[in-house]
Amino acid sequence: MRSPEAPSTEHAVVLCAATVAYGTRTAVGPLTLTIPRGQRVALVGPSGAGKTSLLRLLAGQLAPSAGQVSVGGRDLARLRGRRELPALVGLLPQQLDLVPQLSVKHNVQAGALGRWGVLRSLGALVLPVEHPPARAAVERMGLGDRFEDRVADLSGGEQQRVALARLLVQDPALVLADEPVASLDPARAEQLLDLLGAAAREDGRTLVTSLHDPALALRSVDRVVGLRDGQVVFDLPPHRVTPAMLAGLYRLSEAG
Amino acid sequence: MSTRLLVPARPRPGGRSALSLLLVVAFLLSVAAVAGDQVVGSGGGSAVRDLLASLLRPDISPDFLLVVAEATLLTASYAVAGMSVALLVGVPGALLVSGVLIRRRAARLVSVLGFRGLFATLRAVHELVWALLLLTILGLNPLAGILAIGIPYGATIARVLGDRLLDVPREPLDALGSAGASPVQVLLYGRLPLAAGSLAGYLFYRLECAVRAAAVLSFIGLGGLGLRIEVALADLRFEQVWTLLAALVLLVVAVDRVSGRVRARYVA
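Chains A and R supply the protein sequences, listed in that same order. The letter at position 241 of the first sequence is residue 240 when you use numbering that gives the first Met the number 0, and the numbering goes up by one with no holes. The letter at position 250 of the second sequence is residue 249 when you use numbering that gives the first Met the number 0, and the numbering goes up by one with no holes.
Any given hint could be a false lead.
Claimed, not checked - Now the stretches of chain A that chain R is said to cover, found in silico as 3 or more residues with beta-carbon under 8 Å: (1) 87-98; (2) 101-111; (3) 118-124.
What the hints assert, rightly or not - Here are a few chain R residues that sit away from chain A, every Cβ distance over 10 Å (derived from the structure): (4) 18; (5) 86; (6) 108; (7) 112; (8) 220; (9) 255; (10) 258.
Said to hold, decoys possible - Restraint-style ranges between C-beta atoms, simulated for each label pair: (11) A:141 / R:91: 35 to 45 Å; (12) R:215 / A:83: 51 to 61 Å; (13) R:215 / A:151: 38 to 48 Å; (14) A:117 / R:50: 56 to 66 Å.
To be clear, the hints were calculated from the coordinates, so they are not data collected in a lab. These numbers come from a predicted model, not from an experiment. Just so you know, even glycine gets a beta-carbon here, dropped at the ideal spot from N, CA and C.
For reference, chain A alone in the conformation it holds in the complex (with noise of 0.2 Å):
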């Protein structure tokens, strides 16, 4: 049983005084943050603000230079390298991440390794065999009909949505994502947002992600954190945001 005084799972990431440091150059805090289970929150700040850094660290991916991150109530420290962090936190994976050779089917299904032994993953790859879950999630993204496709084959987009049903498969509760629209024009840049923000909130997940346009952070999250130099300058619900906020997050310093 759970004592009361146990860190609240309500909360599925916690931060606390969380530094990231490189070198002598501090990157990321002291930061102290706390994100709600479910909640969808975007990182918006000009470049190296800190926010692939924040993602990092919550990624598991970097450990903090002092403080503590928890996910799921649990101290990501001790989960490094562990098989069940995959479970607990997923990064979208970017274009460059999928394997151009194999198809669509085989990308998806490799979200699902994690709990795949030796055998089930080489026969998932070899055999003509289908993992409903990835069927499911590709058919989500609208890719059903370029399921046995090569992902070479496929355009930037669709090969975006394929990362994202590869997400889906791996099933995190805490999804990351750093500039997960970057090469993408408007129109596919809304459309993947949508899946992003249907892909948490349908299926309770926790968002967050780092987004270079904050017109497009407004309109597809519940929470906006402005960074600047590992600092956070101001953290509300989107409609609360004015220009005048962004504008001062992204001028340029006096000193240079």
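Chain R: place on chain A using the hints.
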């Protein structure tokens, strides 16, 4: 400052042509050194004439074509059997010499260095020398020919396949790792498909080499195209030599054709 060291100095055009001239002179001197008029043996002039004249009338009598077909089949069999042994050595060898399945750094280093040394030793000895060694041990046994191809080729394949498994884009592998894939799963869903075209192309190239090696090995008594060419040359039956050479070329071209088709399937 340090990046400057990576930029190679641009060769001066004058220096390059001087070097070319030096190489041409060195080549001419080396030809002269081998012994001026002995390059073409005594009576060689008429042999060259006969050889060229017979090019127009290769031996295509049914009896001889049957002999050629049998010799071709034998050489192809040696090549395929040798490559099979080479794959049995080379594929597990590639995994050991690249260390892609070993998680722990220290163990990986031991495996990489140890097997790199072992395979370097095995392939330092040419297949012809392997054949002579194995003939001494096994006697005139087909296995000697198969192993003479299989051992050095297996060692070469291990090294090259191992390098190609390592030389793939990093991003898909990291993404698989963050989705929870183990090293074996990263191999199956990442390294192998990413390298498939290059691996298949290289293996077919080695099969082509194995066909040529099998033809040469047949000189030392194992039968096949090489032996037939040797016999025909000794009897001055040049019209038969041409038929046999054509068969060897056709065999190599056939391998090349299949290789092209297979590779086309994997190019991303």
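Each hint tested on the structure:
1. 87-98: Since 8 is at least three, the answer is holds.
2. 101-111: holds (count 4)
3. 118-124: Holds: 3 residues of the stretch 118-124 of chain A have a Cβ under 8 Å from chain R.
4. 18: 42 Å, holds
5. 86: 18 Å, holds
6. 108: 19 Å, holds
7. 112: 25 Å, holds
8. 220: The claim stands: residue 220 of chain R keeps its Cβ more than 10 Å from every Cβ of chain A (closest is about 42 Å).
9. 255: 22 Å, holds
10. 258: 17 Å, holds
11. A:141 / R:91: 35 to 45 Å: Taking Cβ atoms as reference, residue 141 of chain A and residue 91 of chain R lie about 43 Å apart, which means the hint holds.
12. R:215 / A:83: 51 to 61 Å: 58 Å, holds
13. R:215 / A:151: 38 to 48 Å: 40 Å, holds
14. A:117 / R:50: 56 to 66 Å: Since residue 117 of chain A and residue 50 of chain R have Cβ atoms about 59 Å apart, the given range 56 to 66 Å holds.
Hint compliance for this structure: every hint is met.
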